[in-house]
Every structure is written in structure tokens, then in C-alpha cells.
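Please construct the entire structure, taking both the sequences and the accompanying hints into account.
Chains as they are written, first to last, in the numbering used here: chain A, 1 to 328; chain B, 1001 to 1328; chain C, 2001 to 2226; chain D, 3001 to 3226.
Errors might be hidden in some of the hints.
[To be verified] Label pairs and their in silico Cβ distance ranges:
1. B:Gly1094 <-> A:Thr228: 44 to 52 angstroms
2. A:Thr228 <-> C:Glu2055: 30 to 38 angstroms
3. A:Pro22 <-> C:Asp2047: 52 to 60 angstroms
4. C:Ser2097 <-> A:Ser199: 30 to 38 angstroms
5. A:Glu203 <-> C:Ala2044: 26 to 34 angstroms
6. A:Asp238 <-> B:Gly1122: 45 to 53 angstroms
Since the hints were made in silico from the structure, they are not lab data. Note that the Cβ used here is the ideal one computed from N, Cα and C, for glycine as well.
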Amino acid sequence: MLINVPESVVADALRGMAAAHPELTVDVGNRVVLRRDAPMAGKVGLVSGGGSGHEPLHAGFVGPGMLAAACAGEVFTSPVPDQMVRAAAAVDSGAGVLFVVKNYTGDVLNFEMAAELAEDEGVQVAKVLVDDDVAVTDSLYTAGRRGTGGTLFVEKIAGAAAEEGAPLERVEAVARRVNERSRSFGVALSACSTPTKGSPTFELPHGELELGIGIHGEPGRERRAMMTSREIADFAVDAVLEDLRPSGPVLALVNGMGATPLLELYGFNAEVQRVLAERRIPVARTLVGNYVTSLDMAGCSVTLCEVDEELLRLWDAPVQTPALRWGR
Amino acid sequence: MLINVPESVVADALRGMAAAHPELTVDVGNRVVLRRDAPMAGKVGLVSGGGSGHEPLHAGFVGPGMLAAACAGEVFTSPVPDQMVRAAAAVDSGAGVLFVVKNYTGDVLNFEMAAELAEDEGVQVAKVLVDDDVAVTDSLYTAGRRGTGGTLFVEKIAGAAAEEGAPLERVEAVARRVNERSRSFGVALSACSTPTKGSPTFELPHGELELGIGIHGEPGRERRAMMTSREIADFAVDAVLEDLRPSGPVLALVNGMGATPLLELYGFNAEVQRVLAERRIPVARTLVGNYVTSLDMAGCSVTLCEVDEELLRLWDAPVQTPALRWGR
Amino acid sequence: MPEPTAPDSAGSPGSSDTSGASSDASSGTFDAAFFVRWLTIAAASVDREADRLTELDSAIGDADHGANLKRGFAAVTAVLEKEPPPTPGAVLVTAGSRLISTVGGASGPLYGTLLRRTGKDLGDEPAVSRARFAEALEAGVSAVSRLGGAQAGDKTMLDALVPAAAALGESFTAAREAAERGALATVPLRARKGRASYLGERSVGHQDPGATSSALLMAALAEAAE
Amino acid sequence: MPEPTAPDSAGSPGSSDTSGASSDASSGTFDAAFFVRWLTIAAASVDREADRLTELDSAIGDADHGANLKRGFAAVTAVLEKEPPPTPGAVLVTAGSRLISTVGGASGPLYGTLLRRTGKDLGDEPAVSRARFAEALEAGVSAVSRLGGAQAGDKTMLDALVPAAAALGESFTAAREAAERGALATVPLRARKGRASYLGERSVGHQDPGATSSALLMAALAEAAE
Ligand SMILES: Nc1ncnc2c1ncn2[C@@H]1O[C@H](COP(=O)(O)OP(=O)(O)O)[C@@H](O)[C@H]1O
Ligand SMILES: Nc1ncnc2c1ncn2[C@@H]1O[C@H](COP(=O)(O)OP(=O)(O)O)[C@@H](O)[C@H]1O
Ligand SMILES: [Mg+2]
Ligand SMILES: [Mg+2]
Ligand SMILES: [Mg+2]
Ligand SMILES: [Mg+2]
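Put into C-alpha cells, the structure is as follows:
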């Protein structure tokens, strides 16, 4: 691993990020990355965060048109409430703050505590839970669907609404709408290694894969013999469509888990587009890359988000962050 | 591996790229990716290319302000002359074409043949060889220094000069200047697996690393016991500085080889910046990410490019490509 | 056993160790120093067992439970050493707050809430009886259950905490043993809460890391009382 | 051996196989069909040995030599089958052009140039003697050396091609054997050209993939002549 010691991985990364991105404010001590111009007068501030190891999520999405702040936890560990409280205070211009929270017990509890504390300090806080992963059934017998690739759609689109000056309830409603219309399914071709453990989090023999994985190195729902890119696309897209059943055009995120080469990911995208065409789902926009990752895991996920005109317009709106950048 | 069959990997990726990037023209049959607006009246066209497996290099750098066209060879195999001839013909507006060629025997020979053929067809062709890798001594006893991370600097900066409307000799001179002032050094923490071979190209036991690697999965000059991020930064930066000895500010590219998580890469950047500060080298701009990769290899490379005011201005100039995007 | 048996532990499986030669019998009440000692022993134990906890979390979670608690308990001992709070309640509230501020993940707010709620329940009494502590711990455990929406049987820390709190009325040793049994009993369970629930049937056959760390905490408590 | 010995092969190590029972002796001249047969056998051999070539290239290169030649020679046989050229020279020029257009890498232009230059040297004669072919092959090999800037001893295909071309004056068998010896002799060499040169001393102890494929081509030639 390209590290010094496991204990300093997150702080080291934030220092490196500060050096590479003078356009951001990086509070290394508190592990908060902020827009340099925060608080933005009259605008809602989007605050997200989560365990580290999913880069560029979330800090790579801080900037005009997307997040106002991101809080970095230890690897695969939700940040602590103090971080979100600090971030909320820093980005609140009086228009309030939206917490974008991936649905994991740790994130939910820590963000909840933070919301309470921030409100005690006079910040108006709304929260949206992202739970797009169809590999987990949302029932009494689970902690609910996980937040994965859909987070990117929520943060980009709600971020655009905030940038336009929409009030908190509206930004929250947009975020909720995006989450409700987003579904993901992920596949691992290898496990990942966390700095602390130093070895793969599970054993995946060569020639097998895990279907229905999350983004924390946990095994999936099912192990199978290796499938082709074509077969994986069929499986993943159909798993998503079974739950989403879009009646209009979709945004497609073809996401790499970290170690899958872009060459393979683009090839996989060709298969994803093929299935979508076969299922007669029009694709409005496609994003291919390593955006919501799981350290050095090989694999991919597919996220679809059904969009109406407003959501598409907000998706296309300018964004200026380290990892997503277009328009202006 | 996330593929169908090894034989279709490159074509599949190009189809996937076409779907994700409607702003580009992708000629899948001839494996050429082009700016949609090529030929750009009165402007020099930059044409590059090389073996696949280094994505986003080169096709991810096609667009306004950078390459006019990229030719994709098989994995780690230079493209064939026909591709470059076709690309040159497509982007030449009469102002001529600059071939940006990484210094590998295969690339050099194929681009040379292409230049001859294109000139037979009436296209004015200039060539710049990129050979920035200090791990290889440039002597009679080697094929010369390899082209690695410096390619990004050459393509970006010469691309900006072309975009400004500079004539061919000037664009060529700028490209040459960037190459002369760029040096790289790379380190592998794991080997990579090519689709054809299907297994790692060399054995690298856990707990060891290879110093002085290139971008084709070949072993480096030396194997050592695992080093910390700090030690690797010292070693790599000093290897570069021994050859470059900059008297002014530098651009720094802290590049991932493909499978190294961004989290680790940013942490490594913190160490690179520390060494540079210790050596009193001012850093004008820093770019961190997986840009010049070697499939799923874990590892990193450091490229420094000494810049004057003109080169820095051209670096900062707007660029609109899938992988690099800023300004406007 | 000279001390009264807590009524709600009557039906719980009896401790196999009936020697009762711990400080339980003699001390009667427990002051702030005792609670600091407990948490200090717990921190050492978590530090020692961190790799095992992470290994367990690696099987059905995300391989961070050991590192999480190690970081949190190190912070707890640091603050308790620097400014030892005056009462049992203050010790637990301070420790719980510290866990919340340093652990993150699911276990941070849950263990933090456990200690904070237990501590609040103890109020500002300078020393408390084991029975009083047992009562407060039950309140803390209930708070954990409410916060995370889990019950005993869901394959979480509650599988160790619920029986341990109940057995604490009987003795520290009984609490330790109940927690250990509870942790072991998570092996055949299918997880319904936390990350392990994502695995469905595949969570069966693995011991829950949080229940295991809860057993460590109860063992530390018994050791502090020896 | 009824045919004249090429003067420049006089000093080359003699073939151990002196039976000479190949079609060398009988045929006298070789027409376009012979050259098509050669390349067809070569294509089959490259296809069969592709994994081994890639394996060798994996040790000191980039693990693509087998796939490269397999792709190129498949394209060569396809074009030769579809429109068989009329003369030996045309066969080789066509095949060389096809390699250049389909292989890429270092070996594409080099092998392509080898065949094209050899073919051009043969002109439009409808059939050529082995001696004439040997002469043309030497011209082709020189062109490879000029194009890539390498010499025999640099651990490249030239280590097989140079002695093979020289020995072809003697017999097809001698050429095959010289190429095989040349390929084997690359093992202890330190590479000075191509990717293997990046490894410096670490290239020692491995057989050069290009020299190995050149030996396959010469073996195919000897087989075609049998
Ligand atoms: N809803 C819940 N209620 C009670 N305990 C829980 C709950 N969710 C998780 N846990 C406990 O937390 C433990 C995991 O803690 P940890 O690994 O530190 O956090 P995370 O799951 O966020 O990585 C689990 O083993 C389980 O015992
Ligand atoms: N300059 C050169 N002259 C002659 N042969 C060369 C030269 N460079 C490389 N070769 C040959 O090419 C072979 C490698 O071919 P191949 O793997 O197909 O191309 P690449 O090296 O571009 O991947 C080497 O084993 C060597 O025999
Ligand atoms: Mg965690
Ligand atoms: Mg190659
Ligand atoms: Mg965990
Ligand atoms: Mg090769």
C-alpha cells in the first residue's frame, strides 16, 4: 500500500488534497473540505461525508454547483458528529444546510446527532438519506438499502438546485426526488484491502465474482463463476430495472470500484448501453469512471436515475469540483 | 477481468466511449477518436496514440485545447500506421499536423511510417518524441528513455498552443520544450494483468515493490522491500531532480498507475510536496489522479515539468476533454 | 452470595462460577475511580484484541471495528487521565461523549449512547451500588436499542449487552458470563441490523464483532471489580 | 548437396543434419505457391506458439508478442488466400504490408519491413532459387537492422535472422538450425534494443521473444521446403 502508517492515511490524503486544490479550503485537523467561498450568501449549503476509501466521493465533489462541504471519516467509518457540526456552521449563510447521508447505520446515527447539535447552534438542517442499492432488500430484516452510486446524482443535482438559490425545502425535495428515482447494483471482481487490515477483506478466488456488493469491501449477496462483461451488464441492469421501471429517459452512471481499468469500464459501458437499448430505455446522459469507489476493489456498478426535464437541466448545470467539472 | 474476449477489448472500449461522449467522433472500425469539429480551420491538429491500457491517455485527452485525434492500438501495442494516416487526414486543415509519440520502438516506427505516408498524401507532419522517464538511461545500450507522464504535459501545453492558432513549427517547438523540461519516475506496488495473458505480467511478492517501472507492465530496474509513501516520494522526486535540476517553478503530476486508490495517491502527493519544499522547488500547479496508467497496476509516478511564463499560461488555458477539463 | 439477587435475573441461567471471590461482595458501592479503572482495563483489552475484532468485522462487515474502538478507548483513557471526573455518572458521560467524538461508524454513537445514558441515569451520586449500576445500565442498553432500532436476536452488540445488564443484578461475574454467552450465541444468527444484515443468510456462522467487543467490556468490568 | 554453397555461409557452423533429404535438392527454384505455403505454415506455427511467445515477452517485455504475431499472420493468410499474388516478390510484399497494417508494436514494422524488403529485392521473377532468396533475405535483414538500429548481439530478432539469412545459402535446414541456435543464444545476452533494454542486467537469462518467433518463421520455411 502507498501509505505511511494506517493511522495517518486520512490526514495525509487531506494534506495532499490541499496542495493539489488551492481552490478548496481543507481543514485537515477537523477533516472537513469546504468551498473556499463558503458560506455562499443566500444559498443552501450541501454537506455530505462518510467513511474514506470511496474517493473521489465526497471531497472530490466539493465546489460550485455541488457540495459546499464534505466530512471525511476514517476508512469505511462514518465521520463523527463534530465534523458535520463544524461543516454546517461554516457553510450556513442563514439559508440552511442539507445533509446528504448514505444509508448506513453509522452515517445515519452520526449525521442525526450532528443535525441535533447544529440545530442547537441555530442552523436549520434538513437531511436526505440516499438508499439506491437494489442488492439489499429494504425490509425489517436489513438495515435498509445502502447508499452507493446514486449519491453522485443526488449531490450533483441538489447541488445545482442550491447553486440556483432554491430554498432549503426545495433543495431537499429535489434531493429526495433524485434518490427515489435512482437505483444501483454492484459487482466485485476482487476484494479490497483496507490500510488497517492490510489484506483483502474477503477471499475471492480467481475466476469468481461477487454479485450485489456494497462499497465497503463486504462480500455481496451471491458468489458466482466469472461472467463476461456482457453477462454482468445484463444482470446488473436488469436488477436495477426490476426495481426502477423508468417510464422516461435515464442518467446512467457506469462506475468503477477503483481498480478496474478505464479500458474495461468503457467496454462495460458498451454492454450497459446495449441492454438499455434492448429494454427500450432512452439514455439522456452517461458518465463513465471511478467515482464511488471501494479502495482497490476491482469491479463496477451501474446506477440509473430517471430524470424529468428539471432534473436533466440541473444535471447539465455547470459544476466545478476536482472530480466533476463541466459547463459555465 | 471485466471483458468479453481479449480480442474485442479495444473495440468494446471505443464503443463505450462513443456512447459516453457524444461530443467526440469515435471511428471504432479504424480505432481513431477525433474532435467532433475536426479539422479546425487554420489550426494545427495534434495527433497522438499508442497502445491501449493507459487510459485516459490518449483518447481521454481529445477535445478543444488538447488533442485533435488519438489512435488506439491493441493493449500495450502501438497502433498501426494506417490509423495515424487516417487521423492526420481527418484533422489537417492545411495548417499541418503534429504527431506526439511516446518513445518506444513500436510507436516510433509506426508513427514514422505513418508520417511518410501522410506526407505522401500532402499533409505536413511534424513529430515530437516524448522521453521523460529517468529510470531508463538514454544511451547506446537502451532504446532510450521511455515516454510516460510527461506525455500529458506535452499534449496539454502543445494542444493549447495549437488552439491559439500557433503555426506548426511553433507548436512543435513548444512540445519539444515541454518534453525537454519534463522528467518522470515510476514505482509499482503490483504487476498488471493484460487481457491476453490474463495473469500478472510479473511476480511481485506482497511486501516488495519495483522501482523505475514503465507503463507496460514490465518490471522495473530494481526490486526492494516495501517502502513507505514518504520514502517512495523521496526516492522518486530525487531521481527526477537529479536529471532535471529546475531553476524555476514546476508543474507536478502525481499519477496513479491504475489500481492505487485516490486516497493513497493524495497522501502520496502530500509527501511529494514535502520533498519539493525541502528541495526548495516551487510548485506552480499540481495534478493528482490516474492519468497515464498501466491497466490494473498499483503504484504511482511523479512527473515534474519546469515551466516558464508561457508554458504556465498554456497549461492554464482552457481544456475540454473527457479526462482534463478546466477554464473557458 | 451476601448481596441481594436482582429480581429480573432470577430466571437467567445461573453462573457456573459460584466462588464469588470478587470484590463484589466486599465493596458495596463503586466510586468514580472504579469506573475509571473499568474503562482503563477495557481500553487495554480493546487495544489487545483490536485485530481480532477487525477480523470478525472483516467476515461480515467492513473490517474496522477493532480500529474504531481502539481509537475511541484510547481517547477515553486520555481524557479520564487528564481530568478525572468526580462521579461515576460524570465518568460515564465523559467517556461516552468522547466515544461519540472519536469513533464514528455505528459503534461510536451506540457505545457512546450506552455510556452517556447509563451515566446520566446514575446522576451525580458519588458512589453507586452494583444494583443501582445494573439499573442504570439497563437504561443505557434500552437507549442503544431505541437509537439503533435493534433487539436482542438481531445479531448485534445487544445480544451481549441485554443479558449482561440483566445479569449484573446478580454479580459482575454473571454479567461477564452472560455477555460472553450472548456473543457466542450470535454465531448461528442471521443479522438483521448493521452492515452484516446486507449479507442475509451469509451472515450465519460468524460471531458479531460488536457483541464480541461488548463481552470484552463486561469482562473488563468483572476484572475491575476483582 | 548438388546446389552451390553460398560463399558467405562458408565460415558458418556446419549443419549437423547432413541428410539434405528436403525438397531443396530437387526443386531448384521456388514459386509464389511455395512462399504462400511458407507463410501459411508460419501462421499456423505462430498461432500454436502464441502463448509461449507472449510468456517470453512477459518476462522481459510487455506480454503481447504472441498476440501481435497471431493477429498479423492470420491477416496475412487471409489476404494470401483471397488473392494469391503471382510472384514470390509479390507474396512477400503483400504479406509484409499486411503485417505493417495489422500488427503494430515493434515487431509489426520490423517483420513487415523484413518481408517487404525481401520481396522487393526478388523483383517480379516468377520463381527464384534458394541462393537468390538467401541474397534477398539478407537485404531484408539489413533493412530490419537499419530500421530498428539494432545489430546481432543486441538480443533481438536479429540474433536469429542474421545467422539464418547467412545459412540459407547452404540449405533451408541450416537456416532453421542457425535461427534456433541464434534464438537460444539470446538467453545470456543483455538487451540493448526494444523494451527488454529497459531492464538492463535483469534482461539476462531470458530468451528474446522476437528471436524466438524468427526461429519459428525459419522452421516454417524449412518445413515448407520439405
Ligand atoms: N442498529 C444497531 N444496533 C445495535 N448494534 C449495532 C447496530 N448496527 C450495528 N451494530 C453493532 O455495531 C457493530 C459494528 O461496529 P463498527 O464496525 O465499529 O461500525 P460499522 O458497522 O459502521 O463499520 C456490529 O458488529 C454490531 O454489533
Ligand atoms: N530495434 C529493434 N530491432 C530489431 N528487433 C527489435 C527491436 N526492438 C524490438 N525488437 C524485437 O521485437 C520483439 C518484441 O516485439 P513485440 O512484443 O511484438 O513488440 P513490442 O516490443 O512493441 O511490444 C523483441 O523481442 C525483439 O526481438
Ligand atoms: Mg465502518
Ligand atoms: Mg507491445
Ligand atoms: Mg465495521
Ligand atoms: Mg511486446
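Now for the hints, and whether the structure bears them out:
| no. | hint | in the structure |
| --- | --- | --- |
| 1 | B:Gly1094 <-> A:Thr228: 44 to 52 angstroms | 46 angstroms, holds |
| 2 | A:Thr228 <-> C:Glu2055: 30 to 38 angstroms | 34 angstroms, holds |
| 3 | A:Pro22 <-> C:Asp2047: 52 to 60 angstroms | 39 angstroms, violated |
| 4 | C:Ser2097 <-> A:Ser199: 30 to 38 angstroms | 34 angstroms, holds |
| 5 | A:Glu203 <-> C:Ala2044: 26 to 34 angstroms | 32 angstroms, holds |
| 6 | A:Asp238 <-> B:Gly1122: 45 to 53 angstroms | 52 angstroms, holds |
The earlier numbered hint that this structure contradicts is number 3, and it is the only one.
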